[in-house]
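Number of protein chains: 2
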Amino acid sequence: MQPYELTWNEVQPGVWKTTIGRPEPLTPLSVLGIKPRTEALRQMPEAAFPLAEASSEGSSRRALLRVPLTPEEKLYGLGLHFMRMNHRGRTRYLRVNSDPKQDTGETHAPVPFIVSDRGYGVLIDTSRIVTVYCGSSMKEKETAPEQAIDRNNDRSRWKATPVSETMEWLLPAEGADVYVFGGSTPLEVVRRYNLFNGGGTLPPRWGLGFWHRVPTLYSGDQVKEEALEFRRRGFPCDVIGLEPGWHSKSYPVTYEWNKERFPEPAAFVKEMADEGFRINLWEHPYVSPEAAVYEPLRPLSGTYSVWAGLAPDYTLEEARNIYQRLHREAHVSIGVSGYKLDECDGSELTNNSWMFPAHAEFPSGADGEQMRQLYGLLFQRMTAQLYENDNQRTYGLVRASGTGASNLPYVLYSDLYDHRQFVRALCNASFSGLLWTPEVRKAASAEDWVRRMQSVCFSPMAMLNAWGDGTKPWSFPEVEHIVRHYIRLRMRLLPYLYTAFARYYEDGTPPFRAMPLAGSGYSSGAEKGQAQEKKLDTVEAAYGGTRKREWDDQFLVGDDLLVAPLFAGETESDVILPEGRWYGLETGEAFEGGSVVRVAPGLEHIPVFVRDGAILPMTAAADHAPKPGEQVPLILCHFGQSGGEAHLYDDDGRTQEYREGRRIWRKAVVKQGADGNWTGELSSHDAAFPSTFGEVEWRFGLTQLPSF
Amino acid sequence: MQPYELTWNEVQPGVWKTTIGRPEPLTPLSVLGIKPRTEALRQMPEAAFPLAEASSEGSSRRALLRVPLTPEEKLYGLGLHFMRMNHRGRTRYLRVNSDPKQDTGETHAPVPFIVSDRGYGVLIDTSRIVTVYCGSSMKEKETAPEQAIDRNNDRSRWKATPVSETMEWLLPAEGADVYVFGGSTPLEVVRRYNLFNGGGTLPPRWGLGFWHRVPTLYSGDQVKEEALEFRRRGFPCDVIGLEPGWHSKSYPVTYEWNKERFPEPAAFVKEMADEGFRINLWEHPYVSPEAAVYEPLRPLSGTYSVWAGLAPDYTLEEARNIYQRLHREAHVSIGVSGYKLDECDGSELTNNSWMFPAHAEFPSGADGEQMRQLYGLLFQRMTAQLYENDNQRTYGLVRASGTGASNLPYVLYSDLYDHRQFVRALCNASFSGLLWTPEVRKAASAEDWVRRMQSVCFSPMAMLNAWGDGTKPWSFPEVEHIVRHYIRLRMRLLPYLYTAFARYYEDGTPPFRAMPLAGSGYSSGAEKGQAQEKKLDTVEAAYGGTRKREWDDQFLVGDDLLVAPLFAGETESDVILPEGRWYGLETGEAFEGGSVVRVAPGLEHIPVFVRDGAILPMTAAADHAPKPGEQVPLILCHFGQSGGEAHLYDDDGRTQEYREGRRIWRKAVVKQGADGNWTGELSSHDAAFPSTFGEVEWRFGLTQLPSF
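Protein sequences appear in the order of chains Y and G.
Residue numbers for the first sequence, in UniProt numbering: 1 to 708.
Residue numbers for the second sequence, in UniProt numbering: 1 to 708.
The list that follows gives simulated cross-link-like pairs (lysine-lysine, DSS-like), each with its CA atoms no further than 30 Å apart:
| hint | chain 1 | residue 1 | chain 2 | residue 2 |
| --- | --- | --- | --- | --- |
| 1 | Y | Lys141 | Y | Lys74 |
| 2 | G | Lys472 | Y | Lys534 |
| 3 | Y | Lys472 | G | Lys534 |
| 4 | G | Lys101 | Y | Lys139 |
| 5 | Y | Lys442 | Y | Lys101 |
| 6 | G | Lys548 | G | Lys74 |
| 7 | G | Lys535 | Y | Lys224 |
| 8 | G | Lys259 | Y | Lys535 |
| 9 | Y | Lys101 | G | Lys159 |
| 10 | G | Lys667 | G | Lys627 |
| 11 | Y | Lys101 | Y | Lys535 |
| 12 | Y | Lys159 | G | Lys472 |
| 13 | G | Lys159 | Y | Lys442 |
| 14 | G | Lys534 | Y | Lys442 |
| 15 | G | Lys442 | Y | Lys535 |
| 16 | Y | Lys442 | G | Lys535 |
| 17 | G | Lys74 | G | Lys159 |
| 18 | Y | Lys442 | G | Lys101 |
| 19 | Y | Lys270 | Y | Lys259 |
| 20 | G | Lys159 | Y | Lys259 |
| 21 | G | Lys442 | Y | Lys101 |
| 22 | Y | Lys534 | G | Lys442 |
| 23 | Y | Lys101 | G | Lys74 |
| 24 | Y | Lys101 | G | Lys535 |
| 25 | G | Lys548 | Y | Lys442 |
| 26 | G | Lys101 | Y | Lys101 |
| 27 | G | Lys101 | G | Lys528 |
| 28 | G | Lys74 | G | Lys534 |
Hints in this document: simulated from the structure, not taken from any laboratory.
Keep in mind it's a predicted model, so treat the numbers as computed, not measured.
Next comes chain Y alone, as it looks inside the complex (with noise of 0.2 Å):
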């Protein structure tokens, strides 16, 4: 390989810019058409430039990124990967895969960013397959002698995976853009990378409300009659989703509407909607022979067939063109809310049958080891513009993402059923733009069905998926009253929830973060537990080796709530808080920040905790979010002993001119006065909208949550 030179270029405030032999011009930053928020990246604090000592090198075949390592240096993202938090001392491989069981690097979302807990981060735009070495490689020249450890005479130093002091990114490209972001925090590293690619998505409201997915096969009426039974038993939900079967044809798909089963889809979608419900509808990319947009889409098709259906080349406006078409007038035109875009990523262990082979080729010139990397990401956008055109927003599902995703309006999901990998996924994507569901679909016991559930009802989409097993959030009687209590709470967290995400948009802070991006006052020092000496096995662990555990298992909602999710067979967890004083939400315990805790609280209750003079604004439950026009009443609650400030978000909700400003950001103020009475100001609303807020409540000094 022959060296690169490598000249930066400030290309954003805080972004830096270089090119490495000869790029190649599908990416996808460049088939997401990136609009960076350049006036948001100003008003972050400044960022010296953080890689004075990158190298680079290549050949024909590859080109390779040198990046040096710090020996205590921590390194985050890469995408959705459920094994592990932190990629030090690992290689990552990152293709997409449906079924990354493994601890490889392979994803549903591959992401070659990562962030550097120094605070810097580094992206490769590329369609290709990155592998990056987090410190899992080693030059000879490098390598020291005292580094060589007799692994029998010296049990305790030798490792089975040593650790380099440099980071190797290899591209199997001629080259590629890459670019770096500063920042004195990894969360300074993230809103970087976020503001660059947008801005983080702003859902519906009616988005974060509680989606359930009927089983395959339902006919309109047998959806309306389960959408009706959560209203009889006080069940919220605000989406149901349609799996297969709503399609006149699938696997593969017509996208047109089965006629016996949704004889009336108009009037199927609006009689829903006038019950407070919104459609999404699942589909997958592969275009059925019995289409209409079959025969115009042929010759627009990659060269291979999957599942015998069409897969269609997305990066032209042709392809494009004809998909938004049939899905506007199809769906989006009678009040479809948006789409699960399921079998985007394709799989090794099911030998590509649902995906086209790396050689396929594709009228644009792509192939097809590009186009699965990049099929994810061509699905959620032009769906998204779809919405963006008709000045509404969407909010969906998608199986397969990648670099430059957060503003787009997806949350991820897998076949994959392991509850602490669920919560892990959800950690990790907070690195890399992108919203990850740890859905439910079934349990093995009541206690796993409410830990379960009461993850999910603190992450970006709360939802039961129940399409294979027919479950509903009342199928295990015995605690529907812990289910329903969750579901119920989400709703009552709305606002602050909306605002988060508001936030996610115009800063760049991701609403649900993992420890990493506490901010200041989180002690990433402290060990969860004794690392584990793994015991020498020679079939489980031939090479044994050290665990340690990672705070891979819990996560902030917004500025002010930690969630430290149970797992079935859990009495109690260690949670580390960051500093300050703490409140369990549900349970008025007070805990000094700054510290690793236990608690306990026993089936009822997930582990929620508030920050001393927070102030949630919180509405009352309802069994929707509010419909266009309709008020609720806020209920701003403050907690603990010293007074605070928070902002409150509001806009109409719904459509795309919060983009334009029609928005507001209300403050709120809590001030104990010398007489030890507490004071609330909220300033006004925009009169240039309607306030979805009516009545305002003031609850004061509080430790433990009300109910209300």
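Following the hints, position chain G against chain Y.
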């Protein structure tokens, strides 16, 4: 991609070669310096060129070979695979990987050589990672509309993994040489492949005895003590393997003896030899800075270290000379019998920490991707040469192998441990010129212990690998007698096993063969049990699908024995027998072949079947294989009601002189006279060298193996 013209030349009898694109010079066949056994190939039945319709295309990134398939065609081989035997409908990513825990095609020993049941084989000679689409990719142009099936309304016909009628070979390089092997049966194709690669390997006689590997850090005295315990308890053993700890340093290694544990290596090896034990040494590729060869090898090594050791470039003669000189002086010259070549594979799970990265560069110009694919082959070749040059034979273990390995005296092993997968791997190895041992390490129960021990005694290497568990053959006292019985039975079968290996060398017939290589009379059409409809499960099997069981848990040993291991938890199993009459070797039960039979032999027995008319050359059980000059009795066991013929191979059992014809095939014939009496004739031995066999004993008309 541009089309390539394919011109096929017959380079050996029944073997055709073409070149696609621009081949790279460094390939498995080139590093092995393969010498085809032209004379033996010429003696095979003629074969016509089978692949008239193959086509190829390529670009600077990749080359593609396309081969049409018939609807029912089955595809076998591609190396050592644990998960399935028939690859039809799957995609195989043929990368070396020591953790092949998913069904992706990664394996310890990838071999881009496939065998069709229609009677042809295809090989790509490359050191790059080939992906083979075994009918798992479907060209859009070749897709018929009726192949699109609605999953919801046509569940019985819908398949999660549709199967196409094209096989595609994807090469991530500009080109390679492609070989096609003809034959009227899969067995003829495999024989051609093996003969093309120099024929199968012929181990020394002692290599077919029992192997035991002692725990790490054992001293010479401890090794001797443990070895003698085998003699005291009447457990045969020929080879003792030393694990890490015999080196002065290991992980990385020095290849030098540890002076504390082995103060006098030469004396130690000699004393063990006097007791009838040969010594096998564990090693791995990475050179410790404390090794004497470190400085000389350093300039001949790759740009990345592994465990802080050197990764030498053994494609360079100078590097091979350094390695071989040291091994000759320190090991071979004092009587060490061979090696266990560990960790020449590398794993993704362990993030390459025991493998250099793909972008490593080597002095020869090879990159890490190529060197990783070749490393196992290079070590096998280097060490085999050491013994060839010394007119000795070796037999050892290796964890990574590949193309063209049939003549290398090595057996593959793995850190994985599923008993069924181990037996399947034994079957699959036979399609690819590989040998495999289902080594025993430990067991969950006495039953598991017995079933594993029974299997390993009918494998290319009967080994207990106690490096980490310290187990002994008598570790489960309640079943000690069963284990002893099978180890002794293996010793009694040595003349039969040795003859089967001699045939592997001379005509390429694998000594252990999967059922598709059973030759005529095996009705591959018969299904094993009912195809199982996988119940749709949103966690375990979101795509449902059906799974057919394969006949991948039984195999032939030579021509006359069929072994069908049982697995812990099973009390009975279905076995498919080739046509003709068969007998339960130890039960005497008679079966009509050409059909599926059910057996339930109890824990005391592994189902083994012997062919009617077979003549098994056996001997008396001994503690170890005959020493030089020692003669053993020959017991010719004739089974059943028909007369028969058999061949008995003999040579000095330990030198290379058999390659120059210093060996003999003796013919045994059994006839039944008019009086109903059996007579047997055995052709005489060659006076040119001493016979292994003293007195000859005949047993006629057996239905069950007698005790002797």
